[in-house]
Amino acid sequence: MERTEAIQGRVLELLGSKIGADRPITLDSSVVSDTGLDSVSVMDFVMELEDEFDITIPLDLLAEVRTVRDLADTVIAVSDGRTAGQRGRNSGD
Amino acid sequence: MGIKRRIEAVRSAYGALQALGRDPTSLKFDRLSSPTRAMLDGKPVMLFGTNNYLGLTFDSFCVAAAAEAARSHGAGTTGSRIANGTYEGHRALEREIAAFYNKRATILYSTGYLANLGVISGLAEKGDYLLIDADSHASIYDACKMSDAEIIRFRHNNPDDLAKRLARVKGTPGDKIVVVEGIYSMLGDSSPLAEVAAVKREAGEDTYLLVDEAHSLGVLGAHGRGKCEEAGVEADCDYIIGTFSKSVGTTGGFCVSDVPGFETLRSYSRPYMFTASLTPPTVATARAAFKRMAELPELRDRLQRNATRLYRGLRAMGYDLGPEISPVVAVKLPDPQSAVMLWNGLIDAGIYTNIAIPPATPNALSLLRVSVSAAHDDAQITEALEIFADVGSKLGLAGAAEAVAESRVA
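Chains B and S supply the protein sequences, listed in that same order.
Counting in my numbering, the first sequence runs from 1257 upward without gaps.
Counting in my numbering, the second sequence runs from 26 upward without gaps.
Hints in this document: simulated from the structure, not taken from any laboratory.
Treat the hints with care, since some could be wrong.
[To be verified] Examples of chain S residues toward chain B, derived with CB under 7 Å: (1) Glu175; (2) Ile176; (3) Ile177; (4) Val194; (5) Arg312; (6) Pro384.
[Unchecked claim] Result set (DSS-like, lysine-lysine): computed pairs, CA atoms no more than 27 Å apart in a straight line: (7) Lys170/S x Lys189/S; (8) Lys170/S x Lys151/S; (9) Lys151/S x Lys1274/B; (10) Lys357/S x Lys68/S; (11) Lys1274/B x Lys189/S; (12) Lys151/S x Lys195/S.
Beta carbons: idealized from backbone N, C-alpha and C, even for Gly.
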């Protein structure tokens, strides 16, 4: 649970610094409509998350993402190897 | 969701900009008198917003070949390549393009968009990886949507970032297909292809490189084969995609490759199988244009000279431009309103350019996409620079007439 909260907190922090303080966001904020980010900026943010957590987040996983919490859940699922994208990486380490 | 909601969203996004002048989506050319001059909604303009890099659209040899093909084979094929739509001309053009690139095989598509859609979505299936440059053209993004592969973006023109992302999927069972473009269509910057090819080689045998040379075919390389030729890495470019709608001066697309079994795509690439094949006049035009490109290497020199003059001239006026000299000169503006006003002002003064505003542009840029052709003469470049100085200074965006003189290349 602590790890979940840590990842959620870090995702919120990174997203907050990208969109600025005038748009307060929570875990239940919509990644698109509450942040003012367009679709390209969301994809760019996902690249930042990939580097932050050293993971691969294939773009098709974003189709299901609505809220910041969904995005953090995706980071956790990918890190745990629970998605197709991480089969190889997590088989060895 | 909902049709009405979508209509309202488009209206509210573009309505204010359209109120500032013309609607870019509804302009029409009444008449074209050459690759560089036209009547635009009743107004004479010089064309500085085409992809007609070599100016071949009015080449008499190409036009005659089109007319002759229409007379001898008809105006259209009325069928797809796998049904009744394969003529000897298609086969001949495929052989000629393969010979031009010194590669084993070519597959024609009916447009460049369809070539990207058909090849990329066909090559990569579930379990494979498509690693695409973040600034990729819409056709590459759409191809990714059609594929069941895992889609990974890497930072634009950044081979180190590509290497990092390839390392994260190293050892997975699927193939890795890296997708880049020779010249990027909006900012006119080119791929650091030698470095990208080195990353691909280093990544191993399950990693392939696909290069879209849409804007670099006929433009770069000693023979006009594009960025792959210029960078000296043609052997590393497993799949080269091109279009006929830019330097070749007509419409259509292709992929050329040495990979054994490449042509099996013909039996499962849906954008190849389920659309009408290129018309006989189009095929004849493309065949003639490839001959002209080989016969007239001076067109590439003239194109480069025109690009250099326009780029240096605009930069001397203080315009903020794309990162390198190329036939696509991107003028970056501070906001969409400035872009719309400059674009309208230039048309009023007799120059047609392309306007591009978010979300069609990388990094939310607002820009005018100005492009040159080998068919522009020195006087046209001079006149264009004078108009850019005049309109730009009136709008407070740039401008210094002496810059026109400075741009002259000795």
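Hold the hint about valine 194/S up to the distance rule: shortest CB distance to chain B must be less than 7 Å.
6 Å, holds
Is it true that the CA of lysine 170/S sits at most 27 Å from the CA of lysine 189/S?
Between lysine 170/S and lysine 189/S the Cα gap is close to 23 Å, so the pair holds against 27 Å.
Is the hinted pair lysine 151/S and lysine 195/S satisfied, with a Cα-Cα distance of at most 27 Å?
16 Å, holds
Does isoleucine 177/S pass the interface hint, meaning its C-beta sits closer than 7 Å to a C-beta of chain B?
6 Å, holds
Hint validation: proline 384/S versus chain B, beta carbon distance must be below 7 Å. Holds or violated?
This interface hint holds because 5 Å falls under the 7 Å limit.
When you check the alpha-carbon spacing of lysine 170/S and lysine 151/S, does it fall within 27 Å?
Distance of about 12 Å is within 27 Å: holds.
Straight-line Cα separation of lysine 151/S and lysine 1274/B no greater than 27 Å?
It is violated: about 33 Å lies between the C-alpha atoms, which goes past 27 Å.
For the pair we were handed, lysine 1274/B and lysine 189/S, check the Cα-Cα distance against 27 Å.
22 Å, holds
Per-residue hint verdict: glutamate 175/S, partner chain B, C-beta under 7 Å:
Holds - the Cβ of glutamate 175/S comes within 7 Å of chain B, reaching about 4 Å at its closest.
Quick one, are lysine 357/S and lysine 68/S close enough, alpha carbons at most 27 Å?
This hinted pair holds, its Cα atoms lying about 26 Å apart.
Does arginine 312/S meet its interface restraint, that is, does its C-beta lie within less than 7 Å of any C-beta in chain B?
39 Å, violated
Does isoleucine 176/S meet its interface restraint, that is, does its C-beta lie within less than 7 Å of any C-beta in chain B?
4 Å, holds
Checked against the numbered hints above, the structure breaks hints 5, 9 and satisfies the rest.
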